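Protein chains: 4
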Amino acid sequence: MIPRYSRPQMASIWEPQTRFRIWFEIEAHAADAQAKLGVIPAEAAAKVWEKGQGAVFDVARIDKIERTTKHDVIAFLTHLAEIVGPEARFVHQGMTSSDVLDTCLNVQLTRAADILIADVDAVLAALEKRAFEHRLTPTIGRSHGIHAEPTTFGVKLAGHAAAFQRARARLVAARTEVATCAISGAVGTFAQIDPSVEAHVAERMGLSPEPVSTQVIPRDRHAMFFATLGVVASQVENLAIEVRHLQRTEVLEAEEFFSEGQKGSSAMPHKRNPVLTENLTGLARMVRAYVTPALENVALWHERDISHSSVERMIGPDATVTLDFALARLAGVIDKLVVYPANMQKNLDRLGGLVHSQRILLKLTQKGASREDAYRLVQRNAMPVWRGEGDFQTLLLADAEVRAFLSEAEIAELFDLGFHLKHVDTIFRRVFGRA
Amino acid sequence: MIPRYSRPQMASIWEPQTRFRIWFEIEAHAADAQAKLGVIPAEAAAKVWEKGQGAVFDVARIDKIERTTKHDVIAFLTHLAEIVGPEARFVHQGMTSSDVLDTCLNVQLTRAADILIADVDAVLAALEKRAFEHRLTPTIGRSHGIHAEPTTFGVKLAGHAAAFQRARARLVAARTEVATCAISGAVGTFAQIDPSVEAHVAERMGLSPEPVSTQVIPRDRHAMFFATLGVVASQVENLAIEVRHLQRTEVLEAEEFFSEGQKGSSAMPHKRNPVLTENLTGLARMVRAYVTPALENVALWHERDISHSSVERMIGPDATVTLDFALARLAGVIDKLVVYPANMQKNLDRLGGLVHSQRILLKLTQKGASREDAYRLVQRNAMPVWRGEGDFQTLLLADAEVRAFLSEAEIAELFDLGFHLKHVDTIFRRVFGRA
Amino acid sequence: MIPRYSRPQMASIWEPQTRFRIWFEIEAHAADAQAKLGVIPAEAAAKVWEKGQGAVFDVARIDKIERTTKHDVIAFLTHLAEIVGPEARFVHQGMTSSDVLDTCLNVQLTRAADILIADVDAVLAALEKRAFEHRLTPTIGRSHGIHAEPTTFGVKLAGHAAAFQRARARLVAARTEVATCAISGAVGTFAQIDPSVEAHVAERMGLSPEPVSTQVIPRDRHAMFFATLGVVASQVENLAIEVRHLQRTEVLEAEEFFSEGQKGSSAMPHKRNPVLTENLTGLARMVRAYVTPALENVALWHERDISHSSVERMIGPDATVTLDFALARLAGVIDKLVVYPANMQKNLDRLGGLVHSQRILLKLTQKGASREDAYRLVQRNAMPVWRGEGDFQTLLLADAEVRAFLSEAEIAELFDLGFHLKHVDTIFRRVFGRA
Amino acid sequence: MIPRYSRPQMASIWEPQTRFRIWFEIEAHAADAQAKLGVIPAEAAAKVWEKGQGAVFDVARIDKIERTTKHDVIAFLTHLAEIVGPEARFVHQGMTSSDVLDTCLNVQLTRAADILIADVDAVLAALEKRAFEHRLTPTIGRSHGIHAEPTTFGVKLAGHAAAFQRARARLVAARTEVATCAISGAVGTFAQIDPSVEAHVAERMGLSPEPVSTQVIPRDRHAMFFATLGVVASQVENLAIEVRHLQRTEVLEAEEFFSEGQKGSSAMPHKRNPVLTENLTGLARMVRAYVTPALENVALWHERDISHSSVERMIGPDATVTLDFALARLAGVIDKLVVYPANMQKNLDRLGGLVHSQRILLKLTQKGASREDAYRLVQRNAMPVWRGEGDFQTLLLADAEVRAFLSEAEIAELFDLGFHLKHVDTIFRRVFGRA
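Protein chains in written order, with full-length UniProt numbering: chain L, 1 to 435; chain W, 1 to 435; chain G, 1 to 435; chain E, 1 to 435.
Heads up, some of the hints might be wrong.
It does not matter which identical chain is used: a pair holds within one copy or between any two.
[Unchecked claim] Below, a list of computed lysine-lysine pairs in the DSS-like style, where the Cα atoms sit at most 30 Å apart:
#1 K271 / K64
#2 K36 / K47
#3 K346 / K422
#4 K363 / K271
#5 K36 / K70
#6 K271 / K346
#7 K64 / K51
#8 K336 / K129
#9 K129 / K64
#10 K129 / K363
#11 K51 / K70
#12 K36 / K129
#13 K51 / K346
#14 K47 / K129
#15 K422 / K271
#16 K271 / K70
#17 K51 / K271
#18 K271 / K36
#19 K64 / K346
#20 K64 / K367
#21 K422 / K129
Since the hints were made in silico from the structure, they are not lab data.
Predicted model, so just to flag it, every value in this text is computed and none were measured.
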């Protein structure tokens, strides 16, 4: 996570002030529950809220205390005591630092997930808008980078929309994975604290209680969370690479929007580089890279070791901030993508109709030609086209042997793009529920 | 995937015979649908089933044909024609090879998922059985590898059971991700084939139609599938490492079952190595390794490139066979784990009661000692224990200043293991729905 | 590693027969050294060689024994005793299984490295041949997929040649990393065996003694080995992707060789897919995937745990066989690559000379035009070209204001490709030592 | 890279001020070379040095310009012109931004490598010091976490020293990989700039010219660099995990140094957690995670795409800063490690001499006992020891059947630790060149 690839809303989740605020809320809610149980005085819990609720925590002060105590939660509690006063001694009773740290991390991750889900919604909105705009814009479909059969640019975008619908569902599931709370003590036995405290804090923080925590919340949850982010990042890359291909000089079917002020030159009008989507390709690599350490974090020793902590201090912000930035950038790229239908048509026409050769072949056999003859007839008309010596349809029309099987109208129909577009509505309805 | 780490049922999913059988079924179901549409004669479809249903496909023959055609589906169809006869020419009409290949892969992956889910069920059964067996077997909980507070061995296992319940749910979700079928033609436009064929094949093969395929089924689905396997493998590693730690010479709280015939020596009775769980640690690394190539497979070029294919030919079997083997091995390890409650107790007692020091500290302050005094009192009795010069409880009982705050009964109670076990039922009910 | 992507020579390194042969050699050389030390009778060592040297080991028999002993080295030694007779009891004295296993693995890896180095040599030979062939074949250089400035196809290939020269050096270094031998006993202290045995075996097996082994040879060596393979595989991908781009329908500057028999259709002459290089892209993902488990293998517990073993049983063959196959395929692709200089020229000309706009701009300022004027002049001639309304050079020649600064000859010179090719010799000399 | 895990010297390499300083030097040296060639006036080059050498670049100002130009190098050059004056127009002539960016990155990476090498030297110094200190401190060697045979703590450390000697050599090689300079223009043809400029800049910046650059320096170099860092990080993890194991409550053969002020409690003297080495385990995961994106960066499109850039902006600092921090922390941990030889001895004695059972077995056969008898004799004395009913040596001495083969002195000798330590000198000499 670096400022260049950060957006403020997501970055703020990982700022110390936010963390301390969440820690405070966890402690204060726990105090409420403890007061209700009669473990601590109700007035103490009330005072914690009264003094702490509006407080701004002094990050520098807490850092300074931590340099002595070498313990972040103790440093925070020490500072909290400065704010709350003597009643602060009732805070954190029966709790262990990880109760606060792990519950806080999960609050942060669920908030991050909410932003990412909204980001995907923006990508989806852009894709849907542009898909309908180009619902029937013919373009060549390519397999292996080679022209295959016609499709529409809208269908291409609909495919990516379906993919991002899946991305959304995955993020929702990933959010649920990490939306748990643990207030269970040193090894998770609730020896020092009643399970009702956990239930109360969970409910107030929008989480559910972790069934079994062992000082820590089990890290297979976080592994699943970050793995999901890696999948979504790969989907970002998939669409980014499509744009990069479309913007190639030889293809030029679409271009990233180029802002007016931007240093792109009309002295070199061809030199508009797809730098945004190239950047997305790189960012996807990074989000993907955070998956493996998250997986390696699962196998902690016994009831916990703390090896996961340094990893999470890094990938928590790195993965969420980077993916948020990437999704937002992607939404913008799609929303403002400059599309060149004329170039799509030009590319479609580029092979002089050869993309229809398979239809011709099939039709000839259906009309009675042997496979061998059909193949020979198509071949002898295809080769000149391939050498740039004519147009496929014209040549076929002029081939008497072909014409013995196919009328002019039949040949024309085989070159009709409508044949390829007849199920666009079906596809759109599947994705968007409307066509 | 190597024979040493393979089990027949999972391995057979990836055998050529199985693959050809699935291809046949896809083709035959598609023929039925085409016949219903009137595209091909009903008798042709019937003949395909009649001749092909019971046939054993000649793998060597297909391989030989492929060496000429350099195309696996064409080689299969050629061989199928040898079996079916002239009606075979109606097979595969309007379809593209990927329709068969991708739908087949997803059938294989869903079958693999079914086995993996059953494997997890076996792990869960073993965990539940042993958890209840050791529901109240006291053992020391460890954080950072250091003794923390008591828990029970059953609670430890319950935690892993909860984790594998999550693993199960993840595998069910992963199965759904890949349970799709595509029969949509060269670039997914259904130009040559009606969508109803896809619907029919999907229904018969236990899949749902892929909303938008582009010659291929989008690979974010498979990325999610293999990422999930990586998470589950990491969970296997987590439990494997627990067993390895418990079997250490200095700990010896549990041991892998050692079969009678096995070359383990009673001349060196200590030399029983946790080789099964060490092996699981390694296998987890492998299953995890297959996640990244699956993620890299997502960004195919345009409507498809075929870079994913070689990856899937390898990780399809490798990841599923290895994880199947690992889960089955894990279930056996847990089911037959030799547990040493006496050693658990010995380790619990090892520190002469120091693991209770925090309770003493807390109680002293609750009884009116200042924090400083309480700390001093605990410390002066803890240090001799640490040096091996006595038992903590005995020393405390003999310390007049301590006794000014705490009676003999109170001190005894603070050393009572029951304090730590009082919520075992809560935890068990959360996980198993019963205690 | 699957047969489809295997070549016999590399695969044979990993066959049981090869492994047992190497085990035999290690044991027999060790026996020689032990005999020389007087630890075992000289006749025993001689007998081992006499009986074992020409023997074919019965893999099925050894497997059967292993099923009982659950120990592969013991199974082998039992079988060896069947071959050698009573003198076999002098074999393996003072040694530990890992002495044999680890030294054998390193013999296998060094042999694998030798093949990989030869593979790279073949890639280099193909690159050099084709580079010189196309030393001065002009082609457009592209940054961001967008036309930049002219270069030659030979220069492109020279760049990859330089990269594979580095790959070669890296493989040589990786080979040295793993070319070590350990015969040091249960925890590496030489308690039961003299270091001179290790020295002798090392020398005979073409290895050097491992400075400190701890039952096992330290796995940072193997991590470095597999990491290097991952880098080389990424270089394969780099060149593979170049070919894939060049073969795109819109670019078509080169094509993979298409064998006569191959099912590629002249009825669809455009439909030649770069399947070999797409395949290489996938294979590169796999070889890269084996890097992380090799890195995770480094942190074994204490003097060794055996978690690395299952990983190596898989990635040993998988990584080396796959990379060998990939390099050999790449050498063939380059050697037989069908290059289309005419299409390269056509693409170069595609933008009507706009790729020279920067030279014009620079020259105008050098001849006295202000930056603003120069830019305006270039722009007003570039835009019509970009819209397809003319050729840049022609328009510039017709622009009086431009002509006030530049003569016809000067303009022509600015469009001279020779300007871009003047240092081709320098580059070739750097790479090939000749031009 | 986060402040918590950063050290200033390494972090400063990646600060904007450092980057701009390096950019300036590259530009100024290039200007010198251009002046020597007569391309620009010598006075201009001199002025650039005169004004720029001592200048502090205004980072905020450059950032502000970049927000308009969206181009970092142009923003820098604009600011440089503000400092240098009109002569600045001669700067950067014939160069492309990547000439500056890539050469700068390699300067940064070589400086980072220098620090990392010095870090490894500190680790090596600590290991050597402690290895000699504990050269003959007996300790149990463990395979599979199970007691195997005696070794010394010094030998353990010597093994890690040998590993870090390899780490050092790898870092030196990695440094060489990235110590190259490219000043070759838009597609690497030197069209606009003479190769002598590159040679001059390379020499002045301590680099060598890149044989073939293609606007960018080929990324296989950087892949190798970051892969090497991943290997070294895994070696850090290896040693870190050793310390974590030794500090376990049940083992307690060593402990991380615990600073006086540190909040570790003598009320709970056992609760000293190996948090530094747990932290190193996590940091190793991160450095390893950066390997794959670096590998994925190799396959840029054609002469370059810019997908690598975002990756490098992140992993450049992240990998080097984190590894630097980890190595420095590791050196401190080893240097100040608290070692408990008495506990090592206690653990050695823990199994009542059973670790010597294999020696007894061997000796009995050497003295004429059949394998079966020897095994039976060892077994019947081992089992009581294993059950805690006696000491192995005592029991053997009392076993008449054993004594028929072995005298008291012979038995005593078989329990002599010296047997295991006799080659410690050999090992030390191999690693340290002295014993």
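>> Are any of the numbered hints broken by this structure? If so, which, sorted upward?
In response: As far as the earlier hints go, 5, 9, 10, 12, 13, 14, 17, 18, 19 and 20 are violated by this structure, in ascending order.
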